[in-house]
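Reassemble the complex: the two chains are provided individually, in unrelated frames, and hints are given to aid placement.
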Amino acid sequence: MRLLIVEDDAPLASGLQRILEAEGHAVDVTPRGEDAVAAASQEKFDLVILDVGLPQMDGFEVLRRLRGTAADKTGPTPVLVLTARDAVDDRVRGLDLGADDYMVKPFAMPELTARVRALLRRSQAHGGPRITHGPLTLDTVARRAFLRGEPLELAAREWAVLEVLLAKVEKIVSKESIIQAVAGWGDDLSPNAIEVYVSRLRSKLEPASIRIRTVRGFGYMLEEFK
Amino acid sequence: MAGRSLRAHLLRLLLPPIAALLALGAVVAYYPTIEPATQAYDQALVDIGLALGSHIRVGQTEYRFDLPPAVEQVLRTDRFDSIYYRVMSPAGLEIAGDADLPAPPGDAIAHNTMYKGEKVRVVSVQAPCGRSACNVLVGETMVKREHLARDLLLQSLFPDFLIALATLVIVWFGVKRGLQPLSRLSDEIKARSAGDLRPIDAAGAPEETRPLVGALNGLLDEVSAASRKQQRFLADAAHQLRTPLAGLQAHTELALAQPMPEACRAQLEQVHRATIRTARLANQLLALARAEPGARSVTSSVDLKGIAGGEADAWVRQSLGRDIDLGFELEPAPVEGDAFLLREALSNLVHNALEYSNRGGRVTVRTGRANGHAFLEVEDDGPGIAQEERARVLERFYRVPGTPGTGSGLGLAIVREIAASHAASMFIADGSAGGCRVGITFPHG
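These protein sequence lines map, in sequence, to chains Z and E. Using my numbering, the letters of the first sequence correspond one by one to residues 1 to 226. Using my numbering, the letters of the second sequence correspond one by one to residues 1001 to 1445.
Next up, chain E with everything else stripped away, as it sits in the complex (with noise of 0.2 Å):
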C-alpha cells in the first residue's frame, strides 16, 4: 500500500484506545478476582497464627513460648514461600520468632511490606494468652500470591485480547469493504476515454462519498470549459485568419497575371506558395480544434462515400495543375460522425498523397465497407513511408526527413486525432504499386 495508507491510519488511530480499555478491563476483571484469593492465602496465615498462639505459655511473670521443633517445622514447611512468624506479648514485648518482621501499622490486620530483602504479606493474629491476648505476626514471601495474580491477570486478559484481535481484523477486511464503493468509483474513471469530461453519474455512488464525485465533477466542468474556450479562441482564430488571406491569394495571383521580370515572378510565386499553405494551416489548426476531445462535435449519419464525392472537384482541380491521374473507387460507406472533420481527414490523405507523389503518379481515393467496417483510404504511388517512419509521421509538425514539398507535418496527426475523436482506428500500409496506402477504419457501419 503505497502513500498515507487509510487502514494504517485507521489502526494507528484505533490502537491506544483499545489498549487502554484492554488495561482498563484487565483492572476490572482482576480486582475482584484477587481480593477472595487474597483473603484464602491470609486466612492460611491467620491459621498458622492461631496455631502458633496455642503454644504460649503463660507463667507468672513472664510468657514462653514452647514450640516443638517438629510442629516449627511443619508450620514453615511450604512449597514455594518462607514462612516467618514473631510473637509478643500483650504489652508488646518479643517473646520469639523473627523480632524484625515489620508489623502492621495501626489497626491494619495486614500488609504489604518487606523483609530480607523480599516481598512479604504478614498477618496480624490476636492469640488468647491467659486473660488478654498475645499478638502473632506471620509472614510470607509472596511468591505464590504473585503466580496467582498473574495467572488471574493472564486469564482474564485472553478473551480481552481476543476481541482486540478480532476488532484489529475487522477493521483491517471492514476497510477495504467499506472503500468498495470508492474503488468502484476509480474503476469507473479510469475506464473513460481522456477526452470524457461528461459529469459522474452521483447517484450510485454511496452517501458518503458524495462531496468527492460532487468536486471531482466540478473539476470535470471546469476542465472542459477551458477547453471549449480554448477550441473557441483556437477556431475564431482561424476563420478571422482567413479573410486576411483571401486577400493576399488574390492580389498575388492578380498580380502573377502580370508581366514581370523572371526574378519577380519566382519571388512572388514564393509568396503566393506561402499563402496557400498559410490558408492551409488556418484549416489544420481549426480541424484539430474541432478533433480535440470535449469540443463540440456535430455528429449525425453520414456516407463517407458522399464526403469524398463532395470534395472530388476540389481535389481533381489540385490534381491537375500536378499532373497526377486522382481515381476514384467509393462505394457507400456510412458511419456516425462529424461531417466537417472527416472531410478534413479525408483531405489531409489526398492534399499529402497529391503532394508526395511524382509527376505523372497515380492517387486513388477508396470508400466502402470491408469486413463489416465503414473505411476511407488514400492510396498512391510515390516514395511510400519507411516502416520505422510511420509512427513518428503521425506525430504533429514531424516530416520525414529529406521530404521535399511544403507540408507543416500536421497533416496525419490531425487524421489521427479525428480518427481517435471517432473511436476509429488510422492504419499506414504498403500500397499495392510502391507508395502507400492511408486511411481510417470505423469501429461500426
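Isolated chain Z (complex conformation) (with noise of 0.2 Å):
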C-alpha cells in the first residue's frame, strides 16, 4: 500500500515511516502541508496520516484540499488525523472535515499500526467484496465465508456478527451494537443470543488460531491475528 505522512516533526515522522515500511507499505513523508497537497493531486494514495500542528498551511487546510480534488470524489482517500491537542473541539473539525480517524498523540505504534490496517481494509471494503483476517476470507457480495481456502459453513447470524467483529479487528465491539447490526433480520435478539452465536464462531475459528476475546460486561474484540 502506498502511505503519504505529513509530519513536521522530524523524528516521529521518521519513527512512524519505519513502522510502516516494516509492515511492508510504501512510505512517502513531507514535512509540509503545501507539498503534501501537491503530491496528492499527481499520484494516489491508499492512506494519508496527517498531523494537524503543521507550520504554515495547518493539517485542517490541508485536509480540506484533500478532500477537494477530483481523485479524491471518485474514490476518497482515508485520512488519519494526529493531533497533539484533545479538545473536542479538534475533533469534531477533523471528522467533520472528512478525516477518517482520530489520534491523539503520542500513541502506542500498535495501536496506530492497527488503525491503519483498519482503515486500509475499510476502503478496501468499499472496493472489493472481500475481506480477510489471515486464513479467514469473507466474500461480502456472495455471502460466504472461506477459512483456508475451505468453504466455512456459517448460520446468517453467526455470519452477521462475525462480518461486524471483522469490520473492526482489534477494537472492541459492544453486546449492544452487535444486536443493532444484527437484528436487521426482524425480530428481537437477546444479549444472551448473541454469546451463543459467539461461542458458535469461537468453536468453528479457534481451530485456526482466530481468536474472540470477551470483555466482560461490554462485548467482543476479534483479536490481530499472529
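Do not take every clue at face value.
[Unchecked claim] 25 Å max Cα-Cα, derived PhoX-like pairs, lysine-lysine:
#1 Z/171 to E/1305
#2 Z/175 to E/1305
#3 E/1305 to Z/168
[What the hints assert, rightly or not] If you want the ones that stay clear, here's a sample from chain E, every Cβ over 12 Å from chain Z, calculated:
#4 1005
#5 1053
#6 1128
#7 1154
#8 1168
#9 1359
Think of the hints as simulated: they come from the structure by calculation, not from any bench. For clarity, every value in this text was computed on a predicted model and none was experimentally measured. From the three backbone atoms N, C-alpha and C, an ideal C-beta is built for every residue, glycine too.
Spelled out as C-alpha cells, the structure:
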C-alpha cells in the first residue's frame, strides 16, 4: 500500500515511516502541508497520516484541500489525523472535514498500526467484496466465508456477527452494536443470543487460531491474527 | 471587635466635639440663670446694708454707729454664710464694722474678693446719713451662691448629658446598622466557592460600597486572568510535550522490535516505560490545568456510560498486557460536565486499578445511578488502600510507601480535583473481593 505521512516533527515522522515500512507499505514523508496537497493531486495514496499542527498550512487546511481534489471524489483516500491537542473542537472539526480516524499524540505503535490496518481494510472493502483476516476470508457479496480456502458453514446470524467483528478487528465491539447490526433480520435479539452465536463462531474459528476475546459486561474483540 | 474598630474610631472622633458642645451648652444655659440669682442674693445684702445704714447716728462732728447687739445678731445670722460689714462716713472714715473688708473698686457696687481666706461677695450700699450718704459695705461668704451655682449647672447639664448619651447609643447601633450592607457583602463573598472568580453583582450594593465592590471585582478580574494565563501555559506546555514524546515512543518501540543483547533490551525497556509515564504525566498536568478553579470548562450534558464505552477499547488494550480481566457494568448516568475531564477521571481510576492489581486480577468499571445520583466507579481486587492512607492518597504526588509500579502519585489527586470541579464527591471504599472501590458520586442527574 502507498502511504503519505504529513508530519513536521522529523523524529516522529521517521519513526512512523520505519514502522509502516516494516509493515510492508511504501511510505512517503513530507513536513509541509503544501507539498502534501501537491503530491496527493499527482498520485493516488491509499492512506494519508496527517498532523494537525503543521507550520504555515495547517492540517485542517490540508484536509480540506485533499477532500477538494477530483481524484478524491471518485475514491476518497482515508485520512488518519494526528494531533497533540485533545480539545473536543479539534476532533469534531477534523471529522467534519472528512477525517476517517483521529489519534492523540503520543500513541503506542501497535495502536497506530492497528488503526492503519483497519482504515486500509475498510477502504478496500468499499472497493472489493472480500475481507481477509489471516486464514479467514469473507466474500461480502456472495455472503460466503472461507477458512484456509475451505468453505466455512455459517448460519445467517453467525455470519452477521462475524461481519461486524471483522469490520473492527482489534477493536472492542459492544454487544449493543452487534445486536443493532444483526437485528435487521426481524425479531428481537437478547444479549444472551449474541453470546450463543459468538461461542459457535469460536468453536469454528479457534482451530485456525482466530480468537474472539470477551470483554466482560461490554462486548467482544476479534484479536489480531498472529 | 478585633483590629481597628470602626465604632471605636467613630466614637473617638465624635466624643471631643460632643463634650465641647456640652460645655458650651452648659455655659450658655448657666449664665442666664445665675445672673438673676446673683442679683437676688445681692439685693438681700443691699437690704442688710440699708438696715445697717439706718443705725448710723449723725452727731455734730462725728458719726456714731449705734447697733444693738440683738439686731447685729439678727443681721449677721445666716444658715450657711458668714456676713461682714463695714460702715464708712461720707468722707471715707471708718465708723464701724470690719475695717479691712475690701471695697469694690471704682464705681462698682459689687465684687467678689478674698477676705479672711475665703471668697466673699461684697456690695456697696449708699445709706442716707444727714445730708449726705454713708457707704456701707456688706460682705458675705459664697457658700450659698456656690451651692446655687452648682445646682443650676447640674440642672442645665442633665438634659445635655442625656442627649450625649443618646448620641453615643445611636452611634453604637447606627454603625452596626449602617454597616449591614457590608456584612451582607462579606456573607456573599464567604458563601462563594474558592474557584468562583465571577465579579460581584454591584446592583444590590449601596452607593457607598460601590468603590469597594469595584475594587474587589478588579482584583477578581486580575486573579482570574492570571489563573487563565497559568492554565494556558500549563496546557500549552503539556501539548508541546506530546509530539516529541510520540517520536521518542515510536523509536523505542521500533528499536525494541530489533534483535539486540538482553542487557540493552532491559535498558531500552526502561526508556520505553519512562516515555509512557512521561506521556501520562503530560496528560495528567493537562487535566489538572483544566480542573483548576476558574478554568475554561466545556460543560455539556454527557452520559458517563458513553464516556466509559468510548475509552473501553484503550483500557482493554492496556489490560491485555497485564493479564487482567477488565470488565464493565455500564448503566446510563447522565450528568452535566466536562467530557474531557470526566474521561480523564475515569482513565486515572482505571489506570490505577490496572497498575496496582495483581496479574490475573479482576477490575470492573461501573457507571449508573444510585439513589438519584449518577456515579462512576472502578473496583479492583488488588491490595486495596489502608484506611489510614485514604486521605493521604488524595494529595498530589503522594504514593503509599512500598507501592510497586511507576505511578506519579497524581492520579487520585486529579480525580479529586475533577470531582470538586463538578461539585461532586469522590469516595474510596472497600471492594467486595478485597481491593478497593474508588469513584465519584454526582450531586444531580
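Outcome of the hint check:
1. Proposed proximity of residue 171 of chain Z and residue 1305 of chain E is supported: the alpha carbons are some 18 Å apart, at most 25 Å.
2. For a cut-off of 25 Å, the pair hint linking residue 175 of chain Z to residue 1305 of chain E stands: about 14 Å separates their Cα positions.
3. Restraint check for residue 1305 of chain E and residue 168 of chain Z: satisfied, since their Cα atoms lie roughly 21 Å apart, inside the 25 Å limit.
4. The claim that residue 1005 of chain E is not at the interface with chain Z holds, since no C-beta of that chain comes within 12 Å of its own (minimum 52 Å).
5. Residue 1053 of chain E, annotated as away from the interface, keeps every beta carbon of chain Z farther than 12 Å; the closest lies near 118 Å.
6. Even its closest Cβ contact with chain Z, about 121 Å, leaves residue 1128 of chain E beyond 12 Å, as expected for a residue assigned away from the interface.
7. The beta carbon of residue 1154 of chain E sits about 84 Å from the closest Cβ of chain Z, which is more than 12 Å, so the claim that it is off the interface holds.
8. Consistency note on residue 1168 of chain E: stated as away from chain Z, and its beta-carbon is indeed over 12 Å from all of that chain's, at 64 Å minimum.
9. No beta-carbon of chain Z comes within 12 Å of the beta-carbon of residue 1359 of chain E; the shortest separation is about 17 Å.
No hint from the list above goes unmet by this structure.
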